[in-house]
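Please model the complete structure; the sequences and the hints are all you need to start from.
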Amino acid sequence: MNRWYAMAIVWLLLVVGALLFERARDLSTIGAGYAAKELCSCVFVGERSLASCRPDLPETMERVEAELGADRVRAFVPYLAERIARYEPPFGCVLY
Amino acid sequence: MGSRVALAVLLAATLGLAGPVAAATALPPQPAGVPWPTLGWSEGPPGAAIDHGTLATAVAKLFLPVGRGGLPDTRALLVAAGGRIVLERYAAGFGRESRFRSWSMAKSVTQCLTGILVREGHLTLDAPAPVPDWQRAGDPRAQLTLRHILNMTTGLDNADGGDDGDSFAAQLLFGERAKDSAAFATRVDLAHEPGTHWDYSTGTSQILSGIVGRSVGGGREGVRAFAERELAAPLGIRSLVLEFDAAETMLGGSYVWASARDWARLGLLYLRDGRWDGRRILPEGWVDFTRTPAPAANNGSYGAHVWITAQPGPEQWPTLAPGIEAFQMNGNAGQFVVMVPDRDLVIVRLGEMHVSTWPELNAQLAELINAFPPRSGMSP
Chain A
372 MNRWYAMAIV
382 WLLLVVGALL
392 FERARDLSTI
402 GAGYAAKELC
412 SCVFVGERSL
422 ASCRPDLPET
432 MERVEAELGA
442 DRVRAFVPYL
452 AERIARYEPP
462 FGCVLY
Chain B
127 MGSRVALAVL
137 LAATLGLAGP
147 VAAATALPPQ
157 PAGVPWPTLG
167 WSEGPPGAAI
177 DHGTLATAVA
187 KLFLPVGRGG
197 LPDTRALLVA
207 AGGRIVLERY
217 AAGFGRESRF
227 RSWSMAKSVT
237 QCLTGILVRE
247 GHLTLDAPAP
257 VPDWQRAGDP
267 RAQLTLRHIL
277 NMTTGLDNAD
287 GGDDGDSFAA
297 QLLFGERAKD
307 SAAFATRVDL
317 AHEPGTHWDY
327 STGTSQILSG
337 IVGRSVGGGR
347 EGVRAFAERE
357 LAAPLGIRSL
367 VLEFDAAETM
377 LGGSYVWASA
387 RDWARLGLLY
397 LRDGRWDGRR
407 ILPEGWVDFT
417 RTPAPAANNG
427 SYGAHVWITA
437 QPGPEQWPTL
447 APGIEAFQMN
457 GNAGQFVVMV
467 PDRDLVIVRL
477 GEMHVSTWPE
487 LNAQLAELIN
497 AFPPRSGMSP
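The listed protein sequences correspond, in order, to chains A and B. In my numbering, each residue's number is its place in the first sequence (first place is 1) plus 371. In my numbering, each residue's number is its place in the second sequence (first place is 1) plus 126.
Hints in this document: simulated from the structure, not taken from any laboratory. Built from N, CA and C at the ideal position, the CB exists for glycine as well. Mixed in with the good hints, there may be bad ones.
[To be verified] Label-pair ranges, simulated between beta-carbon atoms:
(1) A:Leu384 / B:Ala263: 41 to 51 Å
(2) A:Ala395 / B:Pro499: 52 to 62 Å
(3) A:Tyr376 / B:Gly264: 46 to 56 Å
(4) A:Glu418 / B:Glu486: 26 to 36 Å
Here's what the structure looks like:
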């Protein structure tokens, strides 16, 4: 009987874990998208430095990392999400 | 002045633009002797009639270094009175040539492009909105009109949804489906009878952006060229950048960039009733339609993709202060282009809002506006 209880608990933990992971992945995708778009537009359209733009992001974005390329910003949450916004003048930055 | 108002209301009613409540104070004409700021803005001191002490206090509050890193939240402040710049100040690192993000002030730019298309006869306010997905037989959304969309009274289940990380607006702009924002925004069901319920919706503005794009044609290059030819060039706006999603729909709910001086030009166009130096940009009655409250019980003092402060009510947001009649473009983090007809003012405030709250910022702007006395002779 104890074995069945243990299996049920493990199964329950797996389901809850999967749901939490999916939720974290969805939020990270949006967060990375926000950071990529905002920072790309701020740098290339607003003509500011990445260091100047970064504090304009909400504090909730602190876990999102960002890298500046020649024509793009790549933003990511490690192991969860990655988004790229590319500068396509004269149309600003496009989020992919 | 009364005859001007009567004429404007008559014209608006004739074109079917005015809602059930007529706009109040007449829109002031460009003063004689003040050139239109197409080539450059006239500048001068604020004038003797203003309250200089109140003005100085208000400006100092707006530029307090309360933002992150001890920076001021306000990055740009510009006041145009009587068609001339009387005050212009920037935070360190910003200046006349700096472009500033609109956030939701973009909605008003999209409204402006829509108005031009109405003037040109490509769109009609009360005809079914030209959204192909809604035209199938039996689709209840087929009854939605451009007026519903501009007033944010579609009844669609697409309200922005507050500050949640995965709100409708966040998914629309930054989620996986942001690559085709108009399609995402269009494919939602009705939650209310059209015209009876108001909800602030960036999705609705993306639907409007899709309509503008299809009306103009040519994808993002077509929309950019149209905006340049019909709006930016006539007004002397040189810094305008419209951003687009991957499906080439203008991000007309959130992403337009321009300098403070160019945002002021756009505000002046509305304050001057859609006319610019003898040329009609927006159709007759469009600005009065713009600043007439949306006909829904919970409209939150919203007009047609522009906020209104004329009639304070319990659900009004944002509000400046009782007694100030204004209509304004508003964007996240405290972006403002405020038009104040009875003082002939355009106020542009751009920047961030990390620490201040909307009520505090509204109060600071109200203080600024109140430094300028109402113009004599301006009456409803």
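Hints, verified against the model:
1. A:Leu384 / B:Ala263: 41 to 51 Å: 50 Å, holds
2. A:Ala395 / B:Pro499: 52 to 62 Å: About 56 Å separates the Cβ atoms of alanine 395 of chain A and proline 499 of chain B, which means 52 to 62 Å holds.
3. A:Tyr376 / B:Gly264: 46 to 56 Å: Holds, at about 53 Å.
4. A:Glu418 / B:Glu486: 26 to 36 Å: 29 Å, holds
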